Amino acid sequence: MLFFTRWKAAAILVTALIVCAFALPNFFSESVVKNWPSWAQRHIVLGLDLQGGSHLLLEVDSNAVRKEQLQSIDDDVLKVLRQARIPFTGRAVRGNGVEVHITRDTDIDTALTKLRELSQPLSGYLGTTGQRSIDVSANGGTITLTPTDPAITGRVRQAVDQSIEIIQRRVNELGLVEPTIQREGTDRILVQVPGLQDPSRLKEILGKTAKLDFRMVDLSMSPDQAEQAHPTDSEILDGETPGQKYLIEKRVLVSGADLVDAQPGFDPRNNDPVVNFRFNSAGARKFAEATQANVGKPFAIVLDNKVISAPVIREPILGGSGQISGNFTVQSANDLAILLRAGALPAPLTIIEERTVGPGLGQDSINAGEHAAYAGAALVIIFMFLTYGLFGLFANIAVAINVAMIFGVLSFLNATLTLPGIAGIVLTVGIAVDSNVLIYERIREEVRAGRSAINAIDAGFSRALATILDSNITTFIAAAVLFYIGTGPVRGFAVTLGIGIITTLFTAFTLTRLIVAYWVRLWRPRVVPI
Amino acid sequence: MRLLRIVPDDTKFDFMRFRRISFPVSAMLSIVAIMLYFFHGLNFGIDFIGGTLIEVQTKASPADLAKMRATIGSLKLGDFQLQQFGAPDDVLIRISEQPGGDEAQQAAVQKVRDALGDDVTYRRVEVVGPSVSTELLAYGTIGLVLAIVAILIYLWFRFEWQFALGAMIANVHDLVLTVGFMSLTHIDFDLTSIAALLTILGYSLNDTVVIYDRIREMLRRYKRMSMPDLLNASVNATLSRSIVTHVTVAMSLLALLLFGGQAIHSFTATMMFGVVLVGTYTSVFIASPILIYLGVGAGRSGGAEEPEAPPAAPAAAPVPSRPAASPQRTRTRR
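From first to last, the protein sequence lines are chains D and A. Residues in the first sequence are numbered consecutively from 0, following numbering that gives the first Met the number 0. Residues in the second sequence are numbered consecutively from 0, following numbering that gives the first Met the number 0.
Simulated from the structure, these hints should not be mistaken for laboratory data. The structure displayed is predicted, hence computed values, not measured ones. Using N, Cα and C, we set each Cβ at its ideal position, and we do this for glycine too. Treat the hints with care, as some may be off.
[Said to hold, decoys possible] With a Cα cut of at most 27 Å, we get these calculated DSS-like pairs of lysine-lysine:
id, chain 1, residue 1, chain 2, residue 2
1, A, K11, D, K305
2, D, K202, A, K11
3, D, K244, D, K305
4, D, K207, A, K11
[Claimed, not checked] Far from chain D, by Cβ distances over 10 Å, these chain A residues were calculated:
id, residue
5, R18
6, S21
7, G40
8, L74
9, G77
10, V208
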């Protein structure tokens, strides 16, 4: 137990040194570290609870995704049946599916074949999964088309991917520093912005779908009449001022997807804030045609199912650019321009969790963590020295190297250090000390049992190490579970605890033994001084 | 230099005799803890029941709690609590979950922000919606159960099933008492509390494993020693280590408790109770004696004919045959 070959000793020391060295970048300012080679730049990232910032968890509205999918199946059914010239009645979205009744029984088989073509095979990670996107079933003359669950999950995943891209653009437009935007699970997106104190504006920007379209106002009846008449091709939408209602055609003239640019500006006539926009060539053509055909009639600019304005077309707009005026402030015009430039979200997002920490609290927490670490270390160092003397000193050295190694590993992993993470380190100190205590107590016992000094030390190590292994593995299991189920701060705790256990095992099995072995070789002790 | 010895060498406390007291006491305390949980309840934080938590620092010190209470009360946001948190100008505002899903929570925060205006700076704003809170509670519970099962399986492989079962009873007892403590003191029960419970579980197992390790070793070495004697010898042999370790852990926790700040106060307080008070007691007075009832070493002949003097007995002289005993011992350990 006490014999080390020269190579082994060197390997142990070099490993410890390298791991510790990874912690170095944390002690230099960013400007110094910038000039180092990239592999040496890895450092610990402070969690939002320590440096301050905003953490928002967003959920994609999967119901909206499902609804949209049903709507598109509904549209497809209409198209397919019309193309095949199959008469039908009672086409409608019912529950989780689209139902349609085929009028002539002789058409049912043809209709089924045609409608089955709508269903696409789904591809998984390994080619096709054998599942299809739509279940098509017939019951007498009624055919039901239901999107399958994997198809909806796939759509939700897609929506999350698209949303992440759009959020990225929106957040960048706001000029926020180093935002992290990542997927969480199937339908969630985590947005973390360090340093952001008041996320109100961010939340407002993220909470808008920004689906913009240009449609005609239906003048065939008033909105009040429409509430009784239920016209099929138009819908009633709210205006900006409460109580204001419009009857708007469902047909979209041009959609926001055809926009290439949007900028805030001012109306030259009255200096009101407006948003100036420009269409791409396809959008410009559609817009020109529509305005030519409808001079003198009002059209509506609809944002997220709300009419922002409904101006009358005075003359055809041929240039492909235009202006949205509404009840804007400078800020809201600016925000709308950002949203239009970034594009519309495929589905609405809901904020389901928010955690914001101000910079004051973050700094306080860092200070508190540091003070606690120093106080804890001082108490433990003194106590260990008083209890075990020279060997206590050895233990203290080993524990100090242990902590340095934890920082090294954390830096190497670019890990995030949170306040619970600091608590994890403090607890690791406890565990690391325990491993030394186990060894020394065992040595004391072996001495009492009458062994010679060197014999006792040797036996003490070999017996204590088995116990140390057992007890640390149990704690490690707890840390692993915590890491697996935990989120955010709790995970930070699990990470430092887990790493701490590994470094503790390393130091106990190698470094402490090495130090004692060299001491034994140099002093050839007759009695063990503990 | 004379070294500090908290525990004298060769203690011979008869810990096993206390099982007639410790078992009923523990059973009673456990029942009290469970009753506390059901009738007094836990002070669930927003992580598990949803809602909003806002920590503010008022410009005027100390904070005028009455005025703030009136301001927030006028917003009609349902149940809310104000609490001084650490410094006199630091106030914690807790608002219960608003009916109407995730958006309603956000609206409530905005209302509070508008109402408090520029009188305060925001140190922390946490909003947990109903969909997240149910999940967090489920994950937390699953995590605890999973950890216990995983550790049990490990112990079952490393020891015998009686040890695994004994460790489980001992550690569930620890968790139950700690939950009772949290209920009694009305400490916030949130995600960090789950972390605390898991750490307590890890630590107290750690402790139990150290003693069990020794018991296993003694079982192999002293085939004839009576079970209570053997358990006593094992606990006494590891007593010094237990005390020294717990003093150091307590020191670490004390530092966290005194200087670690309000944010982890409930975490450290729980740990202090769970690890230092309960964990130590359990491994000595519950985890070890329970092995007698679980039938560890039942097939042993008991009583006389010791093959070797127990190490706790003062060694009369450095026995020359010792070195010869050593390889044999290491062999039996394997």
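Here's how the hints hold up against the structure:
1. A:K11 <-> D:K305: violated, 83 Å
2. D:K202 <-> A:K11: Violated, because 66 Å separates the two Cα atoms, which is more than 27 Å.
3. D:K244 <-> D:K305: Holds: K244 of chain D and K305 of chain D sit about 9 Å apart, inside 27 Å.
4. D:K207 <-> A:K11: With a Cα-Cα distance of about 73 Å, the restraint between K207 of chain D and K11 of chain A is violated, given a limit of 27 Å.
5. R18: holds, 24 Å
6. S21: holds, 23 Å
7. G40: Non-interface label on G40 of chain A holds, nearest chain D Cβ at 23 Å vs cutoff 10 Å.
8. L74: holds, 17 Å
9. G77: holds, 19 Å
10. V208: violated, 5 Å
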